[in-house]
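Start from the sequences, fold in the hints, and give me the full structure.
Protein chains in written order, with full-length UniProt numbering: chain A, 1 to 393; chain B, 1 to 393.
Derived from the structure by calculation, the hints contain no laboratory data.
All figures in this text were calculated on a predicted structure; none of them were measured in a lab.
Check each hint, because a few of them may be wrong.
[Unchecked claim] Covered, in the sense of this in silico footprint (three residues per stretch, anywhere, with C-beta under 8 Å from a C-beta of chain B), are these stretches of chain A: (1) 39-47; (2) 113-122; (3) 217-228; (4) 264-276; (5) 283-294; (6) 353-367.
We put the CB at the ideal spot given by N, CA and C, even for glycine.
Number of protein chains: 2
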Amino acid sequence: MTVTAAAAPRPAPSDALDQTPYLVVDVAVAAAQYRRIARAFAGTRAYYAVKANPEPPLLRALVAAGAHFDVASTAEIDLCLAAGARPDQLSYGNTIKKAGDIAYAYARGVRFFAFDSLGEVDKLARYAPGATVLCRLLASSTGARWPLSRKFGCAPDLALDLLGYARSQQLDPAGVCFHVGSQQLDPDRWEPSIATAAELFRRAGDLPLRYLNVGGGFPVDYRVAARPIEDFAFAVHAAVDRHFGADRPEMMIEPGRYIAAPAGVLHTEVVLVARKSYADDHRWVYLDVGRFGGLAETEDEAIQYRLSTPHDGAPAAPVILAGPTCDSVDILYQHTRYSLPLALQSGDVIQIHGAGAYTATYSSVGFNGIPPLRTVCVPSGGSGAMSNADVRK
Amino acid sequence: MTVTAAAAPRPAPSDALDQTPYLVVDVAVAAAQYRRIARAFAGTRAYYAVKANPEPPLLRALVAAGAHFDVASTAEIDLCLAAGARPDQLSYGNTIKKAGDIAYAYARGVRFFAFDSLGEVDKLARYAPGATVLCRLLASSTGARWPLSRKFGCAPDLALDLLGYARSQQLDPAGVCFHVGSQQLDPDRWEPSIATAAELFRRAGDLPLRYLNVGGGFPVDYRVAARPIEDFAFAVHAAVDRHFGADRPEMMIEPGRYIAAPAGVLHTEVVLVARKSYADDHRWVYLDVGRFGGLAETEDEAIQYRLSTPHDGAPAAPVILAGPTCDSVDILYQHTRYSLPLALQSGDVIQIHGAGAYTATYSSVGFNGIPPLRTVCVPSGGSGAMSNADVRK
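Dropping the structure here:
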């Protein structure tokens, strides 16, 4: 039995950055991602899906870059307005809204909403009178690493009736939206929904349909590289040309992951490397962040992050990766093959790349007494000066 | 097409209790549950698993009732000590601890720890010298609604070596622990691990093994009633008698869910009732709490809560239940048949029963901009006076 050295002691909890875990978000990377997707989708309005990462410095950088914003709640509206966005740059894209939240959004000047049901039209008519509304269509998520199921969207026949009903309620039924699933790897998955939308536009009679929001889902590089964004823009534009022809609608996209994910690196410490029996050749590697600390998208091992360690290049062997809580579903990867250096030990810091989207806000408020993941925004280049004001818990 | 009335408006976000969602925890119910399990397991020390619900009023009530505490982190140690527990009433049961966290626990007077690997023994020897340590054994979770996989525990042969190694490092290797999975419905599932432990005790030579911690997992009534706790106590005691005979160890249990779950009722509002197509006879019912707002244990529909609505008794039909976020995995029940009244509409408040354990602390810090679930502790009977001091966010 080999006796390994114990890890160095750790100071008591504090806000210091020598304490993992924390997420470093490079705002300049996010702004560059925005500019790239906006250029690829020229002529299309890009609404940043704030839920991906709502850090104020990031939002301010995107306001400066000219972004629009897709919001899911009143809190996200407030964050965008505080970051300098105008209300007419916001789209309230969540189809599940409390009446009071619609009223709040309307009072703050938001006039652009999504819906996919009769009840939501009624609420919008009453609490956001005259607003511009898009109906969300059901879409297939085939090919997406993080599929969006039947939870959102309605069937086309119903959508057409609901748009007509919206007009009867003095709303402005202005088009349709859909979402083909997040981290969608296949550029051709947008076309079936675009075809459905075009058919619906043709059947819409005198309804003033003019917006086509093709949603988000544009993929980023995790362990496996995704195709370049230009391929997706080309496929979407070609499909719109094919199905809408000369009656091209005003186009919208809602990138979230594409903008925020590459901007983030999550720093986590190895808490323990363990073997559980003499017969098992896998090591268990426990990190100080797990599914309840921000890595929620490792559920079912869907999102497979790229990791780097201080021992990269040294001999490696298979591991099972898990989080620090007493919950056994807090396992990151046990079916997906991950191989890490044999030299890895307690106290080593691992970097989780591409972790800027759908991480910090998912983290639990205090499961097992573990505080939420902290985010540190840096203005550029990943190592620049940080002010304490940008360190948020 | 039927036009339903829109729901009443909701005030802007505030701390008021007319704002769902919130969890009401009846501290007296938790204390009664503690007394019942302590009586059923007479002669056994009961360590409340703080992770189930760490609300200070609940911890104070359990201190007053004489409970011991199983903690998973330094924050939980601080909460227990602040609630009046003595350090010698605490067991640091998480087998994945940072070196600094062990040192912190030791400095606060904690002398009782669990481990299941060589690396953890090294850390304990260095940062908690002389501490009393139990080795966690792998156990089968068959029969549990929330199984605990291979993530925790080691094989018996390795456990015996690690206990011997702990002694060589001047620790006090005092016994073993295991856990058969949470919401374990089968009282007979403890016996295989008790038999393994007894065999290990017999092979331990002159190691001073004396504690047998049979963990938690004791089930509560959700939609389906569980067997009474006395059945589990009887089965455990009988198995210990059978395998340990006259050399009966000092017994420990770690109930968490059993104590906290029945004490909590989660109040949630219906945000929307929707049909997604003319062909689907299911309604989608969207609540203002979901998997990321506290109902994490509905993952894979594992925990099936009992619901009550203002329309109970009226005609009902099948529904799919989902949470309010834009994440499609935020669905509570779609494969499990839930039937709710046809009269249900936006604005109705649904009560989710048995929600006192593993809910509030799991809730995300702000996914989709939605704040974490609030907890309100009431001293008795579910409707008694509450002070603002007991309303926590």
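So, going through the hints one by one against the coordinates:
1. 39-47: Result for this restraint: violated, n = 0.
2. 113-122: As far as the stretch 113-122 of chain A goes, the hint holds, because 6 residues have Cβ atoms under 8 Å from chain B.
3. 217-228: Three-residue rule not met by the stretch 217-228 of chain A, so violated; n is 0.
4. 264-276: holds (count 7)
5. 283-294: holds (count 4)
6. 353-367: It holds, with 8 qualifying residues against the three required.
Checked against the numbered hints given earlier, the structure breaks hints 1, 3 and satisfies all the rest.
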